[in-house]
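Chains as they are written, first to last, in the working numbering: chain A, 1 to 324; chain B, 325 to 739.
Since the hints were made in silico from the structure, they are not lab data.
Quick reminder that beta carbons are idealized off the backbone N, C-alpha and C, glycines included.
Any given hint could turn out to be false.
[Said to hold, decoys possible] One-sided excerpt, in silico: chain B residues whose CB lies under 8 Å from chain A:
| id | residue |
| --- | --- |
| 1 | P357 |
| 2 | D362 |
| 3 | R363 |
| 4 | P469 |
| 5 | K612 |
| 6 | E613 |
| 7 | R615 |
| 8 | S637 |
| 9 | G638 |
Each chain is listed here by its residues.
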Amino acid sequence: MDTRTITVAGRTVEIAETGRGAPLLYLHGFADLHAASVEWLPFHEMLARSFRVIAPAHPCCAGSEEDEEIETIDDLAFRYMETIDALGFDKVDIVGACVGGWIAAELAVRHPERIRRIALIGASGLFVPDAPIGDLFWETQAQNGTVYAGLRRLLFADENVSEGLAMFPDSRTDIARELSRYKTMRFASRIGFSPPYFYNRKLRDRLYRFTGPALLLWGERDRMVPPAHARAYEAGFPKARLHLIRQAGHSPQVETPAETATAIAAFFKPAPTPKAAAKAPSRRKAAARPAAKAKAAPARKAPPAKAKAKARPAVRKLARRGRR
Amino acid sequence: MRPVQLFCWHFMAYPYLPPDFDEKYESGWVTVPNKLWDRERTDGLYQEYIDQLVYAEELGFDGLVLNEHHQNIYGLMPSPNLIAAALTQRTKRARLVVLGSLLPLYLNPLRIAEEYAMVDSMSGGRLIAGFAMGGGPEAFNYNIPQPQARDRYWEAIDLIHRCWTEDGPFRHDGPHYPLRYVNVWPRPRQLPHPPIWIPGALSLETMENVAKRGYDYFLSSRTHGAATRLAAQRFAGIIKQHGGTYHPFRMGILLSVYVSETDEQARAEAKEGVWYFLKNTLKGHLRKEGRPLTFGPGVPSTTVRSFEHFLKSGGSFGGKQLGDVESWEELDAGGSIIAGSPKTVRERLWSLVEQAGVGNLLMQFHFGNMRADLARKSMRLFATEVAPALRRDSAALFARDYPELSDIPVAGAAQ
């Protein structure tokens, strides 16, 4: 994996990059590179056939320096805008998995003028009554000291899936793996332990601010961030598309890489030309088009809920949110 | 010369768990269902535990120790200051050690500055003020993000220190507890402030913070031997770097003791309580079985550097902890639970004092569901047949090794 480092707010940030084409900023999750893998996953390599994938490691993960200033998701959002500045992007497309999806959503509602499109994979970030986000921290304290079945149940549809066992084996003798996990959790604790628990209660009522296209790609069997969260995101973003993957859990980027990569590639293709990007209407058109061209049939089928959401005037949506 | 200071520590365990507890529940902490609390049988439980501490004073112990834990069966003192307040009315002489209040769990550390000042005032200046950060179970119980906890903890300590030593009202502009009017009433009885004890588990960071402020260190480890001596030497070295002087009363250690007429009798009598303590109350805390919550990546309180050091120095997960031992022989090797005749206990403790040069011995006498009469008998035998020799020999040892000590006021020593 090719990586380099840049300096953001005086701290080192590790950036992995692969592929050619339009740039895609990838914000990682837990069953992911920079956290549970030192290499690109097959999913990223598939994306890299059509895109230039740029994946920073979150502060304290992999080669990125810990940032003691980060105490809330708000602090982290600032760091990521600075990272986007440092990478030289005026406008950017973002894919975010799990906590990375949460970060992407926070960036999108704060800076809709800088974020063009977002694809969220099993994103945390919302508070949804009766659909609590699973306790990653608890499950990271292995059963009987070494058994991670509970953690794998949160992160994958099947706790014995080979990719899951490879990332989270029932042993704790590999020092590099232990250290990497510790760093990842140290990062996660800063923004996700309390309060809130991997969510920002205010985010849901701010989603309307992001008017660009949003793809919500979710495993139907996600036990970490239940699919109810996907629907809540879908209802909140004015221009959302939901893509559920039947056999996946919380980590479609690991569990169903081909379907996930295809759906994401279709969503982001074709990349708007710089000219088109400058004008909002044509950008929307460009984003609406790719589904027709896409190889993946599932991405095209918009569920009925989505059609309703689209038809509903923004004002009504606001009123509905207010009642929650 | 001042001899070793002997403290009686009561954890106040929940003693009425069902016999199949270990099979049915993954932890004695955080998620242990509180439907197991038996309203009828617990009538008088706190009374009995307080009585045991009062008895310790009668027996001549120098101090009584309490601590704070939440939502668990290991220690039923979510508020140790309530017990300390009760003890101020039942005791006259012994030091009251709260070791310690878990500062990051409080919305505002002023509360602890105030409560400790009350206890110090109510006890005529007998409080030893312990401040602790709280471990993994408390992180889950009170929702404390661990990477930030350490900063909050030290800011809280420094604020409390100011509360006690500076005239109010003053302003505190710390990042975690900014306050416009700090003006604590009452003020503590002791000058310049009650002795401050800080628990630590060998981390250099903690030792440095303690040494820098001139506080005393309590090694919270539950195994003893070469590492205890090493800790004392390391702490002494750090104190020196900060321009201070080490002496045995700068440091304390935790031990568990059961004394009976003979070694065999001690084991036979202590067995039920000790094994209840090890297998039930340590489940979820210092035991591999179940769901260990105290330390690890889910509750990442130590810095990445410290954790890396821990990993590379052979700190292994799934290695044996106190709650994993299966025999008395293993317990003996661990060095922290000592059950035996007065002679055995005296020799074991003496070798620890002699090797490590530690002057504050904090000892647990009541284990898990141990019967009250047994705990009292053990305390009595300790006081009459172990303590006198320990005091005599340690006074001579400290006079030889720390001749300058006679001129140093010893914080924490009983008046």
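Now the hints, each set against the structure:
1. P357: 16 Å, violated
2. D362: 27 Å, violated
3. R363: Violated, about 29 Å.
4. P469: P469 (chain B) check passes; min Cβ-Cβ to chain A is 4 Å, inside 8 Å.
5. K612: 4 Å, holds
6. E613: Status holds, d = 6 Å.
7. R615: 6 Å, holds
8. S637: 11 Å, violated
9. G638: 10 Å, violated
The earlier numbered hints that this structure contradicts are 1, 2, 3, 8, 9.
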